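Assemble the complex: chain A is given as a structure, and chain B must be docked to it using the hints.
Below, each chain spelled out in residue letters.
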Amino acid sequence: MAKNDLVSGSIWDEYSNQVVNRMNNPQHQGEITEQRAKELNAKLIIADFGAESCGDAVRLYWAVDEATDKILESKFKSFGCGTAIASSDVMAELCIGKTVDEAVKITNIDVEKALRDEPDTPAVPPQKMHCSVMAYDVIKKAASQYKGVDMESFEEEEIVCECARVSLATIKEVIRINDLKTVEEITDYTKAGAFCKSCIKPGGHEEKDIYLVDILADTRASMEEDRLKTAADASANGDLSFDKMTLVQRIKAIDTVLDEDIRPMLVMDGGNMEIIDIKENLPHYDLYIRYLGACSGCASGSTGTLYAIESILQQKIDENLRVLPI
Amino acid sequence: MEVYLDNNATTAVDPAVYEQMKPFFCDIFGNPNSLHRFGAGTHPKMMEALDYLYSGINADDEDDIVITGNATESINTVIKGIWIDKILNADKNHIIVSEVEHPAVTATCKFLESQGVSVTYLPVNEEGIVDVQSVKQYLREDTALVSIMWANNETGKIFPIEEIGQICKEAGVLFHSDATQAIGKIPVDVQKANVDFISFSAHKFHGPKGVGGLYIKKGNKLTPLLHGGEQMGGKRAGTVDVASMVGMGFAMKLAVEALEYEATEVKRLRDKLESAILELPETVVIGGVNNRTPNTTLISIRGVEGESMLWDLNQKGIGASTGSACASEDLEANPVMNAFGSDSELAHTGVRFSLSRFNTEEQIDYAIEAIIGAVKRLRNLSSSYAYAPESHKSGL
Numbered sequence: 001m002a003k004n005d006l007v008s009g010s011i012w013d014e015y016s017n018q019v020v021n022r023m024n025n026p027q028h029q030g031e032i033t034e035q036r037a038k039e040l041n042a043k044l045i046i047a048d049f050g051a052e053s054c055g056d057a058v059r060l061y062w063a064v065d066e067a068t069d070k071i072l073e074s075k076f077k078s079f080g081c082g083t084a085i086a087s088s089d090v091m092a093e094l095c096i097g098k099t100v101d102e103a104v105k106i107t108n109i110d111v112e113k114a115l116r117d118e119p120d121t122p123a124v125p126p127q128k129m130h131c132s133v134m135a136y137d138v139i140k141k142a143a144s145q146y147k148g149v150d151m152e153s154f155e156e157e158e159i160v161c162e163c164a165r166v167s168l169a170t171i172k173e174v175i176r177i178n179d180l181k182t183v184e185e186i187t188d189y190t191k192a193g194a195f196c197k198s199c200i201k202p203g204g205h206e207e208k209d210i211y212l213v214d215i216l217a218d219t220r221a222s223m224e225e226d227r228l229k230t231a232a233d234a235s236a237n238g239d240l241s242f243d244k245m246t247l248v249q250r251i252k253a254i255d256t257v258l259d260e261d262i263r264p265m266l267v268m269d270g271g272n273m274e275i276i277d278i279k280e281n282l283p284h285y286d287l288y289i290r291y292l293g294a295c296s297g298c299a300s301g302s303t304g305t306l307y308a309i310e311s312i313l314q315q316k317i318d319e320n321l322r323v324l325p326i
Numbered sequence: 001m002e003v004y005l006d007n008n009a010t011t012a013v014d015p016a017v018y019e020q021m022k023p024f025f026c027d028i029f030g031n032p033n034s035l036h037r038f039g040a041g042t043h044p045k046m047m048e049a050l051d052y053l054y055s056g057i058n059a060d061d062e063d064d065i066v067i068t069g070n071a072t073e074s075i076n077t078v079i080k081g082i083w084i085d086k087i088l089n090a091d092k093n094h095i096i097v098s099e100v101e102h103p104a105v106t107a108t109c110k111f112l113e114s115q116g117v118s119v120t121y122l123p124v125n126e127e128g129i130v131d132v133q134s135v136k137q138y139l140r141e142d143t144a145l146v147s148i149m150w151a152n153n154e155t156g157k158i159f160p161i162e163e164i165g166q167i168c169k170e171a172g173v174l175f176h177s178d179a180t181q182a183i184g185k186i187p188v189d190v191q192k193a194n195v196d197f198i199s200f201s202a203h204k205f206h207g208p209k210g211v212g213g214l215y216i217k218k219g220n221k222l223t224p225l226l227h228g229g230e231q232m233g234g235k236r237a238g239t240v241d242v243a244s245m246v247g248m249g250f251a252m253k254l255a256v257e258a259l260e261y262e263a264t265e266v267k268r269l270r271d272k273l274e275s276a277i278l279e280l281p282e283t284v285v286i287g288g289v290n291n292r293t294p295n296t297t298l299i300s301i302r303g304v305e306g307e308s309m310l311w312d313l314n315q316k317g318i319g320a321s322t323g324s325a326c327a328s329e330d331l332e333a334n335p336v337m338n339a340f341g342s343d344s345e346l347a348h349t350g351v352r353f354s355l356s357r358f359n360t361e362e363q364i365d366y367a368i369e370a371i372i373g374a375v376k377r378l379r380n381l382s383s384s385y386a387y388a389p390e391s392h393k394s395g396l
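Here the protein sequences come in this chain order: A and B. Following UniProt numbering, the numbering of the first sequence begins with 1 at its first residue and continues without gaps. Following UniProt numbering, the numbering of the second sequence begins with 1 at its first residue and continues without gaps.
Note that these hints are calculated values from the structure, not bench results. Be a bit skeptical, because a hint or two may be false.
[Said to hold, decoys possible] Here are the computed lysine-lysine pairs in the BS3-like style, where the Cα-Cα straight-line distance is at most 30 Å:
id: 1; chain 1: A; residue 1: LYS38; chain 2: B; residue 2: LYS209
id: 2; chain 1: B; residue 1: LYS376; chain 2: A; residue 2: LYS3
id: 3; chain 1: A; residue 1: LYS208; chain 2: B; residue 2: LYS376
id: 4; chain 1: B; residue 1: LYS209; chain 2: A; residue 2: LYS201
id: 5; chain 1: B; residue 1: LYS316; chain 2: A; residue 2: LYS113
[Claimed, not checked] Label pairs and their calculated CB-CB ranges:
id: 6; chain 1: B; residue 1: GLU127; chain 2: A; residue 2: GLY9; range: 56 to 64 Å
id: 7; chain 1: B; residue 1: GLU279; chain 2: A; residue 2: ASN21; range: 28 to 36 Å
id: 8; chain 1: B; residue 1: ASP27; chain 2: A; residue 2: GLY9; range: 47 to 55 Å
id: 9; chain 1: A; residue 1: ASN21; chain 2: B; residue 2: LYS110; range: 36 to 44 Å
id: 10; chain 1: B; residue 1: PRO123; chain 2: A; residue 2: ARG227; range: 35 to 43 Å
id: 11; chain 1: B; residue 1: ASN89; chain 2: A; residue 2: GLY293; range: 34 to 42 Å
id: 12; chain 1: A; residue 1: ASP13; chain 2: B; residue 2: ASN290; range: 37 to 45 Å
id: 13; chain 1: B; residue 1: GLY373; chain 2: A; residue 2: ASP13; range: 23 to 31 Å
id: 14; chain 1: B; residue 1: THR10; chain 2: A; residue 2: ASN41; range: 56 to 64 Å
id: 15; chain 1: B; residue 1: GLU2; chain 2: A; residue 2: LYS3; range: 45 to 53 Å
id: 16; chain 1: B; residue 1: GLU265; chain 2: A; residue 2: LYS43; range: 54 to 62 Å
Remember, it's a predicted structure, so these values are computed and weren't measured experimentally. Ideal Cβ placement from N, Cα and C applies to all residues, glycine included.
If we strip away everything but chain A, and leave its shape as in the complex, we get (with noise of 0.2 Å):
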């Protein structure tokens, strides 16, 4: 929240000319007749797909060359608002004069940015985005029906936000490389949940299968893991330094030196030692102990007993620890 949120402006100012021009005059609407297609030699193909969001629908017609699969004519027909007929305008262009194949190739980003003013300028507002994904998935409908073969069949990876593109794989991969621990982090570096912002958790305007919170969790999750498994492989070969280690491995790096190299020492004398805590106080790490039996009450317990313990373990595990007892 600032300045600029504080006083909301009305949506249709953010449309650019062009949605404004679409919306008003759509140059592509209507319909293709099976006559019509008949005249062309071509096949018609009619595609409906609705978006359960905000109710808007679109149904789109291709008059397409089955000797070349290419799109003769394109046309719409929409129930949504002005984004929506400006989108499935502007989608059914783009389709005239391409193949089935090429057409698929045309994502919610093309219709958008054919529908801006300035190149760096969104034609429309965040929460008007998905109105152009729904130009999008009627494309895949289209093509789906004049392949006889399933949507979902054009989509190769996963796609969280269907706004911007951005794909599942692509999410986790930004978390693990750059470190990422904030969903506005992950939209920061992909754009994802930039838009409509019903890819960021639940109780958007749009249900969705995956949301980035889950995903963050979940490839953080994943990350620690892959980071236990590497410290303990790398403890058990023996070549882990201590402020790698986690604290169990901390605990039993030093356990095993006290097992080895003091309490053998200790014990002879009637008394021994437990270890009570590991804290980080870098550049130190203190460990505190408690004796016990004879150790106790033994003077030596804060000098020279306390001087050998905290020798050895300095040389064997870190020099940076020290002993504190209590």
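What follows is chain B alone, placed relative to chain A:
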């Protein structure tokens, strides 16, 4: 021509109201709490404004009408005040409201739910109003407050406030009504209706924006929302906006005087507009035509999405409104539209026209022509209307 048909959103300030307000900006500007003549000079007009407000809703002299910033503040004061007085400090924990209340009510209740309060959201019937018996049915031992709007902002449907008030009175439960869409359109009598609190806003009846009122029946205690000075009898701190208060009072006077005109002439123009639209095939008044405020009609026009209709009308200089999802920032369909059932097309085709006493016959004639033109264009474009049986499309 410009035609404003969105008077349930806000109204133009009546020029006569503006004249009453003008002296209180530069000439009579003293703080009304000051002892000197500059402050005290405001008092006669403030008292006159209160007189208009009290008589406008038939409040008793012993009742309170607190001047607030708007109806939302009045509503928050009531609901949060009840929460503090009856829920936090007593053994009650339940509030009843309708599903179609303004967000000022429902969002406040959602907040209180997060604080552990139990809230029942009553559905509306096929006419879009709360059934009296359902209020009775959901009353509980621990119900602290019932809050039901007097008239609905989208449909104009008038709720059975007197009967609900009687039920609450018999049950010993406090009753609040958001009368924001009722005042200036139909008579509002707080004595007859058995209400403990009502909220209203000046800009809905040709007063200025930024000022509202809260009626509190005598004997009802209420913790203020705003603490500070002792203005408004300690019930609402903050220096009173004298110009706005004077404007609201005078607007109330004029609105009450114009009720007969609303019920006859405004209704006649609304009905003329509505009938012309209903002559188009596949159109219907949402909630039905009975028992409505005289200025409002919410019409579903099959195949015509709400925002695109507004767009076309705007090109012709006409301002209207829609509960359609695509016109709002969050894309959620208006709860009033959703309350009428699961017909998703209905929820996206509603266009609301709300008139005022400033609309003219010429404007309505112009609007009718523009609306028919827009419906033709958009139905020609519409994929949805393309599915409708041909027999339903005669004339268009």
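Evaluation of the provided hints:
At roughly 62 Å between alpha-carbon atoms, LYS38(A) and LYS209(B) are farther apart than 30 Å, so this suggested pair is violated. For the given pair, LYS376(B) sits about 42 Å from LYS3(A) by alpha-carbon distance, which is inconsistent with the 30 Å threshold. For the suggested pair LYS208(A) and LYS376(B), the alpha carbons sit about 36 Å apart, so the restraint of at most 30 Å is broken. Restraint check: the Cα-Cα separation between LYS209(B) and LYS201(A) comes to about 36 Å, which exceeds 30 Å; the hinted pair is violated.
The straight-line distance between the Cα atoms of LYS316(B) and LYS113(A) is roughly 29 Å, inside the 30 Å bound, and the hint therefore holds. In this structure the hint that GLU127(B) and GLY9(A) lie 56 to 64 Å apart at CB is violated, the actual value being about 36 Å. With their beta carbons about 32 Å apart, GLU279(B) and ASN21(A) fall inside the hinted range of 28 to 36 Å. Separation of ASP27(B) from GLY9(A) is about 35 Å and departs from the stated range, judged on CB atoms against 47 to 55 Å.
Checked against the hint of 36 to 44 Å, the C-beta distance between ASN21(A) and LYS110(B) comes to roughly 41 Å, which is consistent with it. For PRO123(B) and ARG227(A), the Cβ-Cβ distance of about 52 Å falls outside the hinted range of 35 to 43 Å, so the restraint is violated. Between ASN89(B) and GLY293(A) the Cβ separation comes to about 60 Å, which falls outside the hinted range of 34 to 42 Å. Distance hint check for ASP13(A) and ASN290(B): the Cβ-Cβ separation is about 39 Å, which falls inside the suggested range of 37 to 45 Å.
At roughly 24 Å, the beta carbons of GLY373(B) and ASP13(A) sit within the given window of 23 to 31 Å. Judged by the Cβ atoms, the range 56 to 64 Å given for THR10(B) and ASN41(A) holds: they are separated by roughly 58 Å. For the pair GLU2(B) and LYS3(A), the supplied restraint of 45 to 53 Å is violated, since their beta-carbon distance comes to about 31 Å. Distance hint check for GLU265(B) and LYS43(A): the Cβ-Cβ separation is about 60 Å, which falls inside the suggested range of 54 to 62 Å.
Going through the hint list in order, the structure does not satisfy hints 1, 2, 3, 4, 6, 8, 10, 11, 15.
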